[in-house]
Amino acid sequence: MSSPSLTRKFWGTEFVSPVMLASGTSGFGEELFKLGCLTGAGAVVSKAVTMKPRSGNPPPRLLETPFGLLNSIGLANPGARYVLENILPAVSNLPCPLVINVAGESVQEFADVVSVLKESGVHIGYEINVSCPNVAEGGAAFGVDPEVVFRVSEAVSQVADRPFSVKLTPNGGDMVQAAVAAQQGGASAVTVCNTFLGMMIDWKTGKSVIKRKVAGYTSPALLPLVVARVWQVSNAVSVPVISSGGVSCGQDVLQLLAAGAEMVQVGTRLMRRPCAAGELLDEMKKLTGEQ
Amino acid sequence: MQTAGDYVCTVLSSRQVLPGVFSVEFESPEISSVALPGQFVQVEPSPGVFPVTRRPVTINRLTESGFELLFDVVGRGTQLMARFLPGDMVRVMGPLGKGWDVDQDKTWLLIGGGLGAAGFQFLVDSVRSSGVIIGASGADRVIPVQAQTVHIVTEDGSRGSRGLVTALISEELLARADSIAVCGPVAMMEAVWNTIPEAHRSKVQVSTESRMGCGWGVCDGCSIPVSGGGYRKCCVEGPVFPGDTIDWKRWKEAGL
Ligand SMILES: Cc1cc2nc3c(=O)[nH]c(=O)nc-3n(C[C@H](O)[C@H](O)[C@H](O)COP(=O)(O)OP(=O)(O)OC[C@H]3O[C@@H](n4cnc5c(N)ncnc54)[C@H](O)[C@@H]3O)c2cc1C
Ligand SMILES: Cc1cc2nc3c(=O)[nH]c(=O)nc-3n(C[C@H](O)[C@H](O)[C@H](O)COP(=O)(O)O)c2cc1C
Ligand code: FES
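Residue numbers (the numbering used here), protein chains in the order written: chain A, 1 to 291; chain B, 1001 to 1256.
So here's chain A without its partners, still in its complex pose (with noise of 0.2 angstroms):
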């Protein structure tokens, strides 16, 4: 067998790790900056940004299940101008590339995200999130579509000045033809994948303990679910495949190496370490004798 490099260049950028710190699980990285946790990240992923200020969900938004996450945030964050004003400028200084997650109601939205952001010479590029519901069009994912999915790629690739992953829903549709529906519009990767429905239902009440019902579900446990969609994108498409997913130690992010990701993922345990990167960085160089 041959032991994978673990540095990584792709996208114009060179990343020290192919560990990603996933969207939503790393705030816009100042955070774990302070806290000395990015040693190892290959790059950040910021949480998502719409267009206008999101104040999210009510609570609980977490739940913990006997092996997994449930969470339903809502895309809280303050909107694209306030992010370029005031976030930006403060993660100016970060030790590895940030990325920004972009999410929106409706196609133009998008577009309009990272027209807005683009003024900033900070992040490297998106990732575009396409497992929000598209509200101006029915409330459905927009990525159990692939001709949407290949819509909205198209709308982004038309402004986008820099490179931009799509990161793709388990949740409905075909996860192969969405992937390749992404590259035709002009992607330059695709990150496979965001969360699975989940729901927890009290049976005391017979209600969900989210109040939006159904929340997305994250857990070590979907590791093999994530392998296989990652071994079936990556011989579908030629652009770079981001896994999301699944995560918790270096001999998984080997594995999602080995099924073709380009580079890989980590988010919910970060909820257990926030060093994780530089954790999984160390097992991975001890488990391939890289030094």
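Simulated from the structure, these hints should not be mistaken for lab results.
Even for Gly, the Cβ is constructed at its ideal location relative to N, Cα and C.
Do not rely on the hints blindly, as some may be mistaken.
[Said to hold, decoys possible] Which chain B residues face chain A? A few, computed with CB under 8 angstroms, are given here:
#1 A1004
#2 R1054
#3 R1211
#4 C1219
#5 D1244
#6 A1254
Given the coordinates of chain A, work out where chain B with the ligands should sit on it, guided by the hints.
Okay, now just chain B with the ligands, sitting in the frame of chain A:
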């Protein structure tokens, strides 16, 4: 400003202080030298991967070489924590959050309901207090707090007077205090807030709890509804807030 860190701390002692309520002392000069009353730590309940989040617990008291936590066993995480033994190495991140606003030289009245009083000792040890009111369901739930004047009230009358904490809140106690610390279940804190007359409300600070993902401000999972709309993050903007910050109605609806 003090800075938090993630440390592997040695358990110095662990004992049951009340049925199901444990006191665990950790060695950590790093955390105790910068901790302020009302701040909390994030404890890894197990060495493995599950549960996937840590458990937030308020620092109850500083000790010679570290700090003490007092916690109630309510579920899987705290069950694991109750099994900590002296000598165990446990990962603890802290100190976290914004504690009691103790800037000024003020006299404090402390009002705690149930486990809400876990954390009071640190405040009592740091400020001048005119009194501590502790309410509990029964004698076996009264959190021990060492202070000059402690008023105890239990719902079943098994210790102190019978009733709820609100019954002990008097104009005289409120008038003597410059600051009022309230901590307990949401319904208790709301009842206390409603009992305190308008004139004294600006003195009130409340210590809140919320389900946390990280505890260090990155996940937006711990948001608490505030008056006038919107949310504040319990973990970094709190857990202690001025009493008038909280939107009690929306907070109760969360059903936490
Ligand atoms: C800032 C802060 C300080 C706290 N200080 C203390 C303290 O000093 N003493 C003490 O006994 N308890 C304290 N708590 C509550 C304590 O964190 C919970 O009792 C504990 O997390 C329960 O975990 P579990 O796995 O045993 O329970 P489970 O019910 O199995 O937990 C399931 C999930 O819900 C979360 N959860 C459950 N109850 C609470 C709660 N009341 N608040 C927040 N999250 C909760 C858990 O963290 C976990 O993610 C504090 C909470 C916060 C937010
Ligand atoms: C609290 C929380 C918030 C998240 N917020 C976002 C978000 O804003 N945008 C997004 O694309 N994904 C979001 N995600 C999904 C993560 O980026 C990641 O895809 C997912 O957690 C899977 O990885 P994991 O198994 O390592 O956690 C969030 C996940 C969590 C746990
Ligand atoms: S618990 Fe993550 S932001 Fe407060």
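Now the hints, each set against the structure:
1. A1004: holds (7 angstroms)
2. R1054: holds (6 angstroms)
3. R1211: At 5 angstroms from the nearest chain A Cβ, R1211/B passes the 8 angstroms test, so the hint holds.
4. C1219: holds (6 angstroms)
5. D1244: violated (19 angstroms)
6. A1254: holds (4 angstroms)
The structure does not agree with numbered hint 5 stated previously, though it agrees with all others.
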